[in-house]
Amino acid sequence: MSYLLKLVWLNSWRNKTRFFLTCLCITVAFFLFTSLAAVNHALNVNVSSINQYRLMTNHKVSITRSLAVNYQQKIAALEGVKAVTYASWFGGYFQSEKNQLAVTAVEHQSYFTLFDEYQIPSEQLTRWQNTRTGVIIGQGIADKYGWKVGDQIPLSSSIWMNKQGSFSWQFVVSAIYQTSDSSVDDKRVFFQHAYFDKARAYAKYMVSWLSTSINQSADVEQVSALIDQNFANSNAPTRTVTEQVFIKEQTQQFVDMAMVIKVVLIAVFSTLLLIVCNTMMQISRERIHESAMMKALGFSSNKLIIQVYLESLFLLVLGAFSGSLLAGISLQFIKQSFAEFLPGIAIASQHYLVVFVVVVIAAIISSLFPALAIKRLVISKTLGAIA
Amino acid sequence: MKNNNCIELKAIDKNYQKGQNLIKVLTDFNLTIKQGEFIALMGPSGLGKSTLLHLIGGLDQPSSGQVIIGDKRIDSLSERQLTRWRADNIGFVFQSHHLLPVISAQANVELPLALTPLNRKQQKQHAATALDLVGMASRASHLPNELSGGQEQRVAIARAIVTDPDILLCDEPTGNLDRKTAEEILALLAKLNKDFGKTIVMVTHDLKAADYASRVINLEQYMTGIEETDNGFSQLVEAEVGVAL
Chain A
1 MSYLLKLVWL
11 NSWRNKTRFF
21 LTCLCITVAF
31 FLFTSLAAVN
41 HALNVNVSSI
51 NQYRLMTNHK
61 VSITRSLAVN
71 YQQKIAALEG
81 VKAVTYASWF
91 GGYFQSEKNQ
101 LAVTAVEHQS
111 YFTLFDEYQI
121 PSEQLTRWQN
131 TRTGVIIGQG
141 IADKYGWKVG
151 DQIPLSSSIW
161 MNKQGSFSWQ
171 FVVSAIYQTS
181 DSSVDDKRVF
191 FQHAYFDKAR
201 AYAKYMVSWL
211 STSINQSADV
221 EQVSALIDQN
231 FANSNAPTRT
241 VTEQVFIKEQ
251 TQQFVDMAMV
261 IKVVLIAVFS
271 TLLLIVCNTM
281 MQISRERIHE
291 SAMMKALGFS
301 SNKLIIQVYL
311 ESLFLLVLGA
321 FSGSLLAGIS
331 LQFIKQSFAE
341 FLPGIAIASQ
351 HYLVVFVVVV
361 IAAIISSLFP
371 ALAIKRLVIS
381 KTLGAIA
Chain B
388 MKNNNCIELK
398 AIDKNYQKGQ
408 NLIKVLTDFN
418 LTIKQGEFIA
428 LMGPSGLGKS
438 TLLHLIGGLD
448 QPSSGQVIIG
458 DKRIDSLSER
468 QLTRWRADNI
478 GFVFQSHHLL
488 PVISAQANVE
498 LPLALTPLNR
508 KQQKQHAATA
518 LDLVGMASRA
528 SHLPNELSGG
538 QEQRVAIARA
548 IVTDPDILLC
558 DEPTGNLDRK
568 TAEEILALLA
578 KLNKDFGKTI
588 VMVTHDLKAA
598 DYASRVINLE
608 QYMTGIEETD
618 NGFSQLVEAE
628 VGVAL
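So the protein sequences, as listed, match chains A and B. Counting from 1, one number per residue, gives the positions in the first sequence under my numbering. Counting from 388, one number per residue, gives the positions in the second sequence under my numbering.
Among the clues, some could well be false.
List of simulated lysine-lysine pairs, DSS-like, C-alpha gap at most 30 angstroms [claimed, not checked]: (1) A/K262 - A/K74; (2) A/K198 - A/K163; (3) B/K508 - B/K405; (4) A/K82 - A/K248; (5) B/K421 - B/K405; (6) A/K98 - A/K381; (7) A/K381 - B/K421; (8) A/K148 - A/K16; (9) A/K204 - A/K16; (10) B/K578 - A/K375; (11) A/K163 - B/K595; (12) A/K98 - A/K16; (13) A/K375 - B/K459; (14) B/K405 - A/K6; (15) A/K375 - A/K6; (16) A/K381 - B/K411; (17) B/K411 - A/K303; (18) A/K144 - A/K60; (19) B/K421 - A/K6; (20) A/K303 - B/K508; (21) B/K595 - A/K381; (22) A/K381 - B/K508; (23) B/K397 - B/K411; (24) A/K6 - A/K16; (25) A/K248 - A/K144; (26) A/K163 - B/K508; (27) B/K578 - B/K595; (28) A/K375 - B/K595; (29) A/K303 - B/K397.
Rather than coming from a laboratory, the hints here were simulated on the basis of the structure.
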């Protein structure tokens with residue numbers, strides 16, 4: 001076995017330029033694969049980690065159209081409903097539009113009872129509930145801007161004007177929330193809907209959406225249908241779906257990421273396979289006399305095929321390792337830049353298993369043609385009928 | 388070996404299909420080679436010298452007839468059995484040495500020993516002995532591209548004898564070498580035949596090379612029933628390697 005590994009190692013470095021170029025192709029392929037898998041993971045984990053007993057109700061026509069705040073009481077009265085809260089999208093940025101923030105106005109008494117994934121110290125939550133202009137910020141945003149409880153912060157909105165005719169709003173940091181789940185965004189900002197209603201210049205007592213938690217014994221589909229039926233003939237008919245479906249739909253509005261990932265991966269791996277297959281066939285052709293000689297010496301075809309397979313495997317493992325490592329490093333930076341929009345970017349541990357399977361299969365496919373050539377090799381013809 | 392006959396070819400037919408034409412290379416061919424003989428196979432190109440060598444070495448199968456090496460019929464062996472049999476019984480030396488360029492001369496010689504039950508230490512010892520025998524001990528650590536043509540062929544011979552096979556099959560072993568180097572290689576083969584009792588079958592076009600053999604078979608004449616023998620090789624070997632026969 002040692003001679004085999006020695007030959008695999010030495011043969012791999014025989015044509016260094018070809019080896020490095022092929023390895024580079026594999027590295028790029030696995031870099032893309034791992035990066036896209038991390039984005040896909042973020043999309044899935046954000047959806048799957050959401051409480052499936054939480055419903056989202058928004059305007060049937062578009063989420064940009066508002067609903068009346070009194071929908072809260074009407075939904076709360078329906079059978080199977082446990083609690084209802086509401087929120088409105090503020091958008092917002094700090095100092096410059098480049099520093100976009102996910103700012104939401106929420107009903108201050110009930111919102112964090114429903115959304116218990118935000119961990120807020122009780123005294124801070126109470127302080128926020130008692131501070132009209134208070135905001136709760138995530139630890140991530142506190143770290144980014146160096147904000148702490150008690151700080152006055154000006155936030156601007158490109159949508160909402162206040163009664164003073166300004167798009168700049170003054171807030172005070174009342175609480176900082178933590179998250180134990182990496183899929184929960186730690187860079188969000190929440191403020192009181194009551195203050196929003198009082199201070200904004202228009203659309204008073206209107207909300208962007210309502211969130212409903214239902215009893216675990218209740219049927220999700222049934223309660224959703226009941227809510228929508230209730231407002232079917234009103235000025236603002238609703239559409240109610242689970243939060244998982246809502247987030248998935250929002251993401252897919254921009255792009256069907258799963259489809260993009262599939263298409264890119266198919267393209268990348270088809271190219272990769274062709275490149276590695278071509279390299280292995282080239283190698284096999286170049287060494288055909290050596291293979292014939294080894295067969296003449298008594299080495300079986302299977303031993304030579306194993307040698308080709310191990311060489312192909314080594315090339316792929318090296319490329320896959322470098323690609324995954326590079327993706328891992330660059331994701332650390334991407335994660336920070338995209339945290340506001342797509343929290344939870346990470347390489348799932350199962351991904352490494354997928355990489356391993358892909359590498360093993362690619363090595364088998366790429367050594368298929370050389371293996372056939374070795375099997376069909378006629379020693380007497382290859383080494384030359386001289387006389 | 389039960390009898391003195393080392394190699395027996397009985398009623399061999401060997402045909403090749405080339406397009407729609409059937410090319411008959413050997414027809415009802417018979418040959419017996421005794422143990423310890425040094426045979427030079429000569430004759431014009433296309434007569435089947437290499438084919439004969441490949442049949443003896445189990446690299447090719449006859450269309451009909453029997454190939455008996457020692458007391459074993461090898462024409463009926465499977466590819467797998469033949470591969471194993473070759474590793475145990477035959478040493479090959481080709482016109483082109485086909486050494487693996489990425490490993491040293493020593494490692495090239497050790498290669499066939501990977502198929503034996505010898506441990507690493509024993510493999511190294513055997514390879515060193517073989518290299519010493521062909522006068523290449525001082526170049527053991529060199530890569531093939533650091534050696535001259537003659538030195539490469541010596542290493543190839545060391546690789547062929549390292550498993551101590553009974554039979555050495557040489558296909559134009561001096562075809563790529565200059566006269567002086569060729570004669571050194573031929574003397575070496577003669578020494579292996581004389582001192583170690585190796586049966587050698589060598590295909591050659593070189594009349595001088597044939598002088599080293601104990602029996603010369605001109606295939607063209609052999610097929611018509613005339614065989615050349617005793618070409619005074621004893622004196623030549625004595626002159627080249629200093630071994631009195």
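For each hint, the structure was consulted:
1. A/K262 - A/K74: violated, 44 angstroms
2. A/K198 - A/K163: Holds, at roughly 9 angstroms.
3. B/K508 - B/K405: violated, 49 angstroms
4. A/K82 - A/K248: Roughly 24 angstroms between the alpha carbons, so the hint for A/K82 and A/K248 holds.
5. B/K421 - B/K405: violated, 34 angstroms
6. A/K98 - A/K381: Violated, at about 71 angstroms.
7. A/K381 - B/K421: Measuring from Cα to Cα gives roughly 28 angstroms; hence the hint holds.
8. A/K148 - A/K16: violated, 56 angstroms
9. A/K204 - A/K16: violated, 70 angstroms
10. B/K578 - A/K375: Not OK: B/K578 and A/K375 at ~37 angstroms, beyond 30 angstroms, violated.
11. A/K163 - B/K595: Judged against 30 angstroms, a Cα distance of about 114 angstroms means the pair is violated.
12. A/K98 - A/K16: Answer violated: A/K98 to A/K16 is near 46 angstroms, above 30 angstroms.
13. A/K375 - B/K459: Holds, at about 25 angstroms.
14. B/K405 - A/K6: violated, 41 angstroms
15. A/K375 - A/K6: holds, 22 angstroms
16. A/K381 - B/K411: Status holds; Cα separation ~17 angstroms.
17. B/K411 - A/K303: violated, 34 angstroms
18. A/K144 - A/K60: With a Cα-Cα distance of about 37 angstroms, the restraint between A/K144 and A/K60 is violated, given a limit of 30 angstroms.
19. B/K421 - A/K6: Answer violated: B/K421 to A/K6 is near 40 angstroms, above 30 angstroms.
20. A/K303 - B/K508: holds, 22 angstroms
21. B/K595 - A/K381: Holds, because 27 angstroms separates the two Cα atoms, which is no more than 30 angstroms.
22. A/K381 - B/K508: violated, 36 angstroms
23. B/K397 - B/K411: Holds, at about 16 angstroms.
24. A/K6 - A/K16: holds, 16 angstroms
25. A/K248 - A/K144: holds, 28 angstroms
26. A/K163 - B/K508: Violated - the C-alpha atoms of B/K508 and A/K163 are around 92 angstroms apart, more than 30 angstroms.
27. B/K578 - B/K595: holds, 16 angstroms
28. A/K375 - B/K595: Violated, at roughly 39 angstroms.
29. A/K303 - B/K397: Violated: A/K303 and B/K397 sit about 33 angstroms apart, past 30 angstroms.
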